[in-house]
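Novice: Keeping their order, the protein sequence lines are chains A and B. In terms of the numbering used here, the first sequence opens at residue 1 and continues consecutively. In terms of the numbering used here, the second sequence opens at residue 112 and continues consecutively.
Hints are computed from structural coordinates only; laboratory data are not their basis.
Taking lysine-lysine and the BS3-like style, the derived pairs with C-alpha atoms no more than 25 Å apart in a straight line are: (1) A:K42 with B:K189; (2) A:K42 with B:K135; (3) B:K135 with B:K179.
Covered stretches of chain B (chain A as the covering partner; in silico rule of three or more C-beta atoms under 8 Å from a C-beta of chain A): (4) 153–165; (5) 216–224.
Being a predicted model, the structure only gives us computed values, none of them experimental. Even for Gly, the Cβ is constructed at its ideal location relative to N, Cα and C.
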Amino acid sequence: RKEVEQDPGPFNVPEGATVAFNCTYSNSASQSFFWYRQDCRKEPKLLMSVYSSGNEDGRFTAQLNRASQYISLLIRDSKLSDSATYLCVVTYSGGSYIPTFGRGTSLIVHP
Amino acid sequence: DAGVIQSPRHEVTEMGQEVTLRCKPISGHNSLFWYRQTMMRGLELLIYFNNNVPIDDSGMPEDRFSAKMPNASFSTLKIQPSEPRDSAVYFCASGTSVATEAFFGQGTRLTVV
Chain A
1 RKEVEQDPGP FNVPEGATVA FNCTYSNSAS QSFFWYRQDC RKEPKLLMSV
51 YSSGNEDGRF TAQLNRASQY ISLLIRDSKL SDSATYLCVV TYSGGSYIPT
101 FGRGTSLIVH P
Chain B
112 DAGVIQSPRH EVTEMGQEVT LRCKPISGHN SLFWYRQTMM RGLELLIYFN
162 NNVPIDDSGM PEDRFSAKMP NASFSTLKIQ PSEPRDSAVY FCASGTSVAT
212 EAFFGQGTRL TVV
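If we strip away everything but chain A, and leave its shape as in the complex, we get (with noise of 0.2 Å):
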């Protein structure tokens, strides 16, 4: 079983839609949370890290539930520069910091 799990989607959402990604881990010794963004053909990059507390950047909302050991990210007001995979990291220590993917969530915000 993969440490991370993500609903691969794909999402098809149109413009200015909400649309919320879960993702659930299995390690309980996790320590850190991210959302990375991939675009097709690119690397992935970081948009943004995951507190216990949630945590907001303009349209996107992420939130961390350590007892049901789940993250999600919300996106407000879709944009179609938005479409992308949405990837789901956590990372866990056992002296070092070791990030562990999910396999992501596909996004397509259409017009």
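With the hints as your guide, set chain B onto chain A.
Specialist: The following block gives chain B in isolation, referenced to the frame of chain A:
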């Protein structure tokens, strides 16, 4: 800073040939990761170096794969002999020893025919 630099960007090789992928991490980063990405399996960690020392190589598929980091500014991933199932995008990423983001190179798209 130029970011993580990988070479080559594309590699097409015949089955049985040796392939060497190269990576220059961001200066000052002491963690280096090699990942492989395929449609079927997503991003898989192959090996992780910390301060040039391999810490976790449990993701290396088999003995055909080897990785080295002779100094803080250079790492290689070698496949010998290559097989068609090795076809994938190979990413190198670097970071620091605290749980901050990993910075990725642009990847090497490997095709083994």
